[in-house]
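Please assemble the complex out of the two chains, which come individually in their own frames, going by the hints.
Going down the list, the protein sequences come from chains U and G. Taking the UniProt record's numbering, I'd label the letters of the first sequence as residues 1 to 453. Taking the UniProt record's numbering, I'd label the letters of the second sequence as residues 1 to 356.
It should be emphasised that the hints constitute simulated quantities derived from the structure, not laboratory data. Just so it is clear, the structure is predicted and the values come from calculations on it, not from any experiment. Quick reminder that beta carbons are idealized off the backbone N, C-alpha and C, glycines included. Just to be clear, a hint being listed does not mean it is correct.
[As the list claims (entries may be wrong)] Short, incomplete list of chain G residues facing chain U, as computed with Cβ under 8 Å:
| no. | residue |
| --- | --- |
| 1 | Arg56 |
| 2 | Thr243 |
| 3 | Glu247 |
| 4 | Lys252 |
| 5 | Thr256 |
| 6 | Ala259 |
| 7 | Lys260 |
| 8 | Gly261 |
| 9 | Leu262 |
| 10 | Pro263 |
| 11 | Arg265 |
| 12 | His271 |
| 13 | Thr346 |
| 14 | Ile348 |
| 15 | Asp349 |
| 16 | Arg351 |
[What the hints assert, rightly or not] Over the 12 Å line for every Cβ pair with chain U, so calculated as not near, a few chain G residues:
| no. | residue |
| --- | --- |
| 17 | Ile8 |
| 18 | Val17 |
| 19 | Ala39 |
| 20 | Pro43 |
| 21 | Gln66 |
| 22 | Arg89 |
| 23 | Gln144 |
| 24 | Thr198 |
| 25 | Pro205 |
| 26 | Ala257 |
| 27 | Ile278 |
| 28 | Thr316 |
| 29 | Ile333 |
| 30 | Ile339 |
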Amino acid sequence: MAVEEESASGAAAADEARSDDPLIDVRNLQTAFFTDKETIRAVDGVDFQIDSGQTVGIVGESGSGKSVTARSLMGLIESPGRVLRGSSVRYRDLDAVREFAELFSKRTVAVEELAARYDPTEVFGATDATPAEFGHDDPADVPVVDVAAAGYTDEVGITDGDECVFVLDGDVDSPASIRDGFVEITRLSGEAQRKMRGGRIAMVFQDPLTSLNPVYTVGNQIEEALELHQGLSGKEATQEAAELLEAVGIPDARRRVNEYPHQFSGGMRQRAVIAMALACEPDMLICDEPTTALDVTIQAQILDLIAEIQESRDVAVMFITHDMGVIADVSDRVNVMYAGEVVESADVGPLFADPKHPYTNGLLDSIPGGQVGDKLSTIDGSVPTPNEPATHCRFAPRCPKAFDECESVHPVPTPVDEETDDHTAACLLYPDDVSTEEAVERHQEQDRRGDRQ
Amino acid sequence: MSRWEYFIKRLLLTVPVLFSVLTFLFIMLRTGPIDPVAARLGPQAGAADRQQLRERLGLNDPLWEQYVDFITDFITFNFGQSWVVQAERDILDIAVGAAPATLWLGFWAILLPLFIGIPLGFYAGLNPNTFGDYAASLGGIIWQALPNFWLCVIALAVLRRTREGGELLGINWYTLGPDFAARDISITGTPALEWFSTTDVLMLPMPYVSDWTALAIDIKLILPPALILGSASMAAELRIGRTAMLETVNSKFVETAKAKGLPSRVIVWKHIFRNAMIPLLPVITSEAFLLIGGSVIVEQIFNINGLGRIFFQSLTQGDLPMAGALLFLFTLIILGLNILQDFLYTVIDPRVGYDQ
Numbered sequence: 001m002a003v004e005e006e007s008a009s010g011a012a013a014a015d016e017a018r019s020d021d022p023l024i025d026v027r028n029l030q031t032a033f034f035t036d037k038e039t040i041r042a043v044d045g046v047d048f049q050i051d052s053g054q055t056v057g058i059v060g061e062s063g064s065g066k067s068v069t070a071r072s073l074m075g076l077i078e079s080p081g082r083v084l085r086g087s088s089v090r091y092r093d094l095d096a097v098r099e100f101a102e103l104f105s106k107r108t109v110a111v112e113e114l115a116a117r118y119d120p121t122e123v124f125g126a127t128d129a130t131p132a133e134f135g136h137d138d139p140a141d142v143p144v145v146d147v148a149a150a151g152y153t154d155e156v157g158i159t160d161g162d163e164c165v166f167v168l169d170g171d172v173d174s175p176a177s178i179r180d181g182f183v184e185i186t187r188l189s190g191e192a193q194r195k196m197r198g199g200r201i202a203m204v205f206q207d208p209l210t211s212l213n214p215v216y217t218v219g220n221q222i223e224e225a226l227e228l229h230q231g232l233s234g235k236e237a238t239q240e241a242a243e244l245l246e247a248v249g250i251p252d253a254r255r256r257v258n259e260y261p262h263q264f265s266g267g268m269r270q271r272a273v274i275a276m277a278l279a280c281e282p283d284m285l286i287c288d289e290p291t292t293a294l295d296v297t298i299q300a301q302i303l304d305l306i307a308e309i310q311e312s313r314d315v316a317v318m319f320i321t322h323d324m325g326v327i328a329d330v331s332d333r334v335n336v337m338y339a340g341e342v343v344e345s346a347d348v349g350p351l352f353a354d355p356k357h358p359y360t361n362g363l364l365d366s367i368p369g370g371q372v373g374d375k376l377s378t379i380d381g382s383v384p385t386p387n388e389p390a391t392h393c394r395f396a397p398r399c400p401k402a403f404d405e406c407e408s409v410h411p412v413p414t415p416v417d418e419e420t421d422d423h424t425a426a427c428l429l430y431p432d433d434v435s436t437e438e439a440v441e442r443h444q445e446q447d448r449r450g451d452r453q
Numbered sequence: 001m002s003r004w005e006y007f008i009k010r011l012l013l014t015v016p017v018l019f020s021v022l023t024f025l026f027i028m029l030r031t032g033p034i035d036p037v038a039a040r041l042g043p044q045a046g047a048a049d050r051q052q053l054r055e056r057l058g059l060n061d062p063l064w065e066q067y068v069d070f071i072t073d074f075i076t077f078n079f080g081q082s083w084v085v086q087a088e089r090d091i092l093d094i095a096v097g098a099a100p101a102t103l104w105l106g107f108w109a110i111l112l113p114l115f116i117g118i119p120l121g122f123y124a125g126l127n128p129n130t131f132g133d134y135a136a137s138l139g140g141i142i143w144q145a146l147p148n149f150w151l152c153v154i155a156l157a158v159l160r161r162t163r164e165g166g167e168l169l170g171i172n173w174y175t176l177g178p179d180f181a182a183r184d185i186s187i188t189g190t191p192a193l194e195w196f197s198t199t200d201v202l203m204l205p206m207p208y209v210s211d212w213t214a215l216a217i218d219i220k221l222i223l224p225p226a227l228i229l230g231s232a233s234m235a236a237e238l239r240i241g242r243t244a245m246l247e248t249v250n251s252k253f254v255e256t257a258k259a260k261g262l263p264s265r266v267i268v269w270k271h272i273f274r275n276a277m278i279p280l281l282p283v284i285t286s287e288a289f290l291l292i293g294g295s296v297i298v299e300q301i302f303n304i305n306g307l308g309r310i311f312f313q314s315l316t317q318g319d320l321p322m323a324g325a326l327l328f329l330f331t332l333i334i335l336g337l338n339i340l341q342d343f344l345y346t347v348i349d350p351r352v353g354y355d356q
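Same shape as in the complex, but just chain G (with noise of 0.2 Å):
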């Protein structure tokens, strides 16, 4: 079997999967201790009322019928209205007003471990029981050992102490960068998103920044929330890291390379970074699946209009399609960064699908 024969057929896999996981959300719906009509009308709805409704909603049906509708619906992404977070309100629509939020904090929660925890863990890796090592090593166990919502209090605590004169190391958040006092913005809240415009290249759109200074104040809106979504993420990538780094240093074909006379520069870059980021791809893949259960809490501390924020407030408050609808949605990223995931093992790996 080749490399891309085993690609596809994990590709193909994903299906069965998706299945598994619609039946499972549909068992969950229909089982659950919340009656649907009761949720959205009220207990002191009438009985004709309720049955209305109950006939309107399909649960008179028989539970097969009920299924497939609710196999197709979801597969075509048409997933009703909420009952009580936005009432009424089209869940793709909320959703898709929510994404940009939360997929601009995860674009930054999953970059800045990328660029820094890996490298520290790399430099660690290769100056083994140095001073660098141990304090990358010290303060990478530190930094995960910190609980998220304690560091998401702390950190908006420190930061807007920076404006009544507490500045840290001679820092005043508020004026860093795009001016927020002047502006009169504050430094929580949902990032707007509006700095890129489009232009046709081609006869295509193609999106180009068109506001630097908003992309700016979006950037330094979402650096806290993300560095500390990312904390966990940017620890465990730089043990890894480090681990992988050394494991690879000290072997074999490490040595016949220097035997062969090649630059060090050579053989870090070519010969120990790749086979060092076969172990860590799956650590940042699944520090990425991490980041949307975290971000529900990190969303809800910075004030962020985000779907893991709208996810907590459905599941509070007994909005069931809406939970289930982003159940499946969280669902789609998941198996989405699954596929990338083999898809890059595929690219790094030549032995992926060897099997003898």
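Bound conformation, chain U alone (with noise of 0.2 Å):
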């Protein structure tokens, strides 16, 4: 029963999608690295969607697969690493599906056309999808899209491995016609790629004091991603970058622009970074850990410009961080990852008033700041490293609150109450509003992943 109910929201949401689709969708995202010895599963399934102009934080402790997750979007996963098949992350801005479509016609595909070439029983019988995965019973009932954005097709040679936009409506041949579609971000490869990264999406890395090169001038760095992005060149450019730093906030920009690195200090390293993501006006910043190297007065100043620079050019913002009270400050949106997987996922408001997952709770807890005297509480032990697809809850063994079903059953992120649909914990006490054998029953039916290599 539970499981028509969620197909049938799920169809409900996406006739809704056209109108106001999220920026990025990521769905089940996997991210595993290869070694001799074992296999990370840094990132293990994750859901979560960024609209546009919307901030989004992750959140969780060093190793709970935040920083992969960011790196999963830019494309920058490498060798002995690789993003799963069965992830897809669309990114669905309609400009950027017109402009890719354009560039890159050959790897366009009209999914109706998809469509007619499609036989569900041979794609599932042929690789290891399952119909649970995309959320159903039976594999009739699994959009074309969904099947080729995880790139099951390539392997029954429907797709080539090749298509990166998905022309859901509209003529193919003709980009501006068309009305809706995505980029899947897991398939790009070569100039597409390039063209996402920093074009369309831009990342501010964690420590600014290393990710400038130290021996080109930042103005130097900024030019080259305007020159790349946006063909400007020579005078041009220059002016351009030192408008930019200007606009991050670094005085006298017209005489910087021409300084080294390491002429700039941290703060201003870090504004200087941001200059650069910003070079080529994406629509979304990643921000990884922006703040964990810089001390607390330029913390509170880099998470100010760029709570200024969303407004004013209405970025969408995936921030990543520990640190809890930086996430309250900038969030809309909060998703609590732990050991690879979202554990919580709350607008910002009712995770902080009411946070629902132990972890959460544990996390929140452990803010510094209380009485003073006051001992400090923690969440005893540390997060695993995930080597196998999860058959149980991996957060049980530090959990206050856990039973026997949590050895035994993987928890699925689910609606906290059935009242509230935008309020998600991974956790066998929820829905609250049913008995706990209830609630582990329906975790149970609904984990798709099972044990999916």
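What follows is the structure, given as structure tokens:
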């Protein structure tokens, strides 16, 4: 029954989607690193959305998979790591879809066309795809676009692995007529990937002291991005670089544009890195712990700057941090990650006012700054390294509320109660308006990843 | 302090170094075990002759006067005459005559490792833990482990055999390129270096290559000793190049460059290459120092009449002014290389001279 409900709401969401799609739609993202000794499933089945102009925070301890999630979105995962088949990250900005369809017409496909060639029993028979991972019981119910975006159709020859622009509505041959579609980020490569990186999605890294090349001037490094994505060069580019530096609050920008990174202070360097990220007017900015390496007063300035940029330029921001205080300050919505999974997802208000997952509770209790002399509470133990697909709750060994089933049932993100649908927790205790036995049963039924490799 | 102020400071610092070297040379020559008078006149000379020579050489002057004379002589390149090696000949003339062969050898011994060792090292660093990497690294270690004097002898033996039908991989070294057998030239010997002439371009004499065959002969003559002389540097540059590359490839700013959407060609050549050159620079210049010492052996075995060989002879035959003058010239070369290194550093790395 629960499954039917979910697929029904899924279909409803698909109908609405055309009007206000999220900018980024991450579905079942799995990134693993393969070494001789072990496989590390750093990101293991993550779902979340980011609307344009929204700030989404990703929070969790070190080793919970936050940075790997960000790098997967940027296409920066390198051998021995890779984004696994079954993952889908959809970039839904219509402008971008049209631009990509125009530039990479050979890599653009109409979903209708795929549907004509598609035979669900063939795909689900020949690959390790399961209808459950797409939220359905019957293979025939799974939309072809989901299967193709996740990469399963490559194995049976319906797609050849090169397609990265999927057109849902509109004529593939005249990009301007496209009304709905997406760019599948996990299938990008080569020129198309470089177009997305920096041009559409930009990233600000953790350590500003090392993320600028020491042997080129700050201006040179900004101009490089301008030249690549906006075709500016020479004086024009220098002019624009100086303006960008000014926009991120660097005084005397016209002179400093010719200075080297070592002549900038830490906070200034992070501002320069942000200016570089903004150089191509991205739709989305991924900030990977941008304030961790800075001292507290500078942290506040950089956070203000990011908020200001977001407001004035209307960019979506994915903000990664392990600092709950920072998350509360900057985000609209928060995803709490633990051992490669999103364990709780909610708007920032409800999450801080009424955290549901025991892990979120633990994180909030561990924020320093209570009464003087109070002993700071901690979560005992440390984040496990996920080597196998989860068949149990990965937080159970550290969880104060764990019970027997936590060791044998893998919890899936579930609305915390029947009335709320934008606050989910992956914990067997929820939904909390049904009995624990029934809740456990629902999780068991919905665990869509099962024992896939 | 700006980069160029730093460079000028380094330049000025070479002056005291030069004087220290000169003082050291003076002390060595005056307190060494060899009596200059006995060395020149031989043991049978009479007391009057000896006294006369002492007077002529200024050995009876006060020590400070001798020191001042010595310093002024050396910095004006007035080295006096050789005692033994080429007796009574002006040392400067001998050095100027022998220098081109050594420079020609040194030039190729630096150039070959530069263009073989560094590209191989960079390739290995860009493709770590692949077959190519292992092959290059292992080859580098083995090549470095072979001593120069042994390599010289083996190389000569192998190349000589190619004449009598013992062709190496089907190559007869004598007839490969310019034919040495037909011209009846030895595969060892001093390169003539007479392949260029000068012409006046805008009133300035400009050298140009007038005899390409002579140039080819000189290159063929110098290749085996240059390859051997540069073998250690080649291996060192390969290994340091690999490490430098690996380190730079994994640095954060390379990830930033990728996140900007730069193509990998730009990332490698603009962002990685220049940074990887910074640790390589002192390796290249310090290897160049070693060539001066190494060339003594290689010149001796390959029968090249260069500075190294003359230095070796003057040391073994007790020709003190000759050895001293050559040491001074070597010091000048090393200081020059040091300045070149500082200059290149200043150009490549903007952080040079930045103290905070």
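Status of the hints after comparison with the structure:
1. With its C-beta approaching chain U no nearer than about 59 Å, Arg56 of chain G sits outside the 8 Å limit, and its interface hint is violated.
2. Contact between Thr243 of chain G and chain U, as hinted, is not supported at the beta carbon level, the nearest pair being about 18 Å apart and thus beyond 8 Å.
3. Here the hint on Glu247 of chain G is broken, as its CB sits about 12 Å from the closest CB of chain U, past 8 Å.
4. For the restraint placing Lys252 of chain G at the interface with chain U, the shortest Cβ-Cβ distance is roughly 4 Å, inside the 8 Å limit, so the hint holds.
5. Satisfaction of the interface hint for Thr256 of chain G is found here, the shortest Cβ-Cβ separation to chain U being roughly 5 Å, below the 8 Å cut-off.
6. The interface hint given for Ala259 of chain G is met, as the beta carbon of that residue sits about 4 Å from the closest beta carbon of chain U, less than 8 Å.
7. For Lys260 of chain G, the interface hint holds, the least distance from its beta-carbon to any beta-carbon of chain U being 4 Å, beneath 8 Å.
8. Restraint check, Gly261 of chain G versus chain U: the minimum CB separation of about 3 Å is within 8 Å; hint holds.
9. Of the supplied interface hints, the one on Leu262 of chain G holds, with its beta-carbon coming within about 6 Å of a beta-carbon of chain U, less than 8 Å.
10. Taking 8 Å as the C-beta cut-off, the interface hint given for Pro263 of chain G holds, the closest approach to chain U being about 6 Å.
11. Residue-level restraint check for Arg265 of chain G is violated (minimum Cβ-Cβ distance to chain U is 11 Å; threshold 8 Å).
12. Hint status for His271 of chain G relative to chain U: holds, with the closest Cβ pair at about 5 Å, below 8 Å.
13. Proximity of Thr346 of chain G to chain U is violated relative to the hint, the smallest CB-CB distance being about 12 Å (cut-off 8 Å).
14. Checking Ile348 of chain G against chain U by beta carbon gives a least distance of about 7 Å; that is within 8 Å, so the hint holds.
15. Nearest Cβ of chain U to the Cβ of Asp349 of chain G: about 6 Å, under the 8 Å cut. The hint holds.
16. Because the smallest distance between the Cβ of Arg351 of chain G and any Cβ of chain U comes to about 5 Å, under 8 Å, the interface hint for this residue holds.
17. At roughly 20 Å, the least C-beta separation between Ile8 of chain G and chain U is larger than 12 Å, which holds for a residue marked as non-interface.
18. Every C-beta of chain U lies more than 12 Å from that of Val17 of chain G, the closest at about 29 Å, which supports listing it as non-interface.
19. Against the 12 Å criterion, Ala39 of chain G stays outside the reach of chain U, whose nearest CB is about 54 Å from its own CB.
20. No beta-carbon of chain U is positioned within 12 Å of the beta-carbon of Pro43 of chain G; the least distance is around 64 Å.
21. At roughly 50 Å, the least C-beta separation between Gln66 of chain G and chain U is larger than 12 Å, which holds for a residue marked as non-interface.
22. With a least CB separation of 50 Å from chain U, Arg89 of chain G remains clear of the 12 Å interface cut-off, as annotated.
23. At roughly 29 Å, the least C-beta separation between Gln144 of chain G and chain U is larger than 12 Å, which holds for a residue marked as non-interface.
24. Separation of Thr198 of chain G from chain U is adequate, the least Cβ-Cβ distance of about 39 Å exceeding the 12 Å criterion.
25. For Pro205 of chain G, the shortest C-beta to C-beta distance to chain U comes to about 38 Å, beyond the 12 Å cut-off, and the non-interface label holds.
26. With a minimum CB-CB distance of about 7 Å to chain U, Ala257 of chain G fails to clear the 12 Å threshold, and the non-interface call is violated.
27. For Ile278 of chain G, the condition that its CB be more than 12 Å from all CB atoms of chain U is violated, with the nearest at approximately 8 Å.
28. Distance check on Thr316 of chain G: its Cβ is at least 48 Å (rounded) from any Cβ of chain U, clearing the 12 Å threshold; non-interface status holds.
29. Non-interface call for Ile333 of chain G relative to chain U: holds, since the shortest CB-CB distance, roughly 29 Å, exceeds 12 Å.
30. Chain U leaves Ile339 of chain G outside its interface by the beta-carbon criterion, the shortest separation being 21 Å against a cut-off of 12 Å.
The structure does not agree with the numbered hints 1, 2, 3, 11, 13, 26 and 27 stated previously, though it agrees with the rest.
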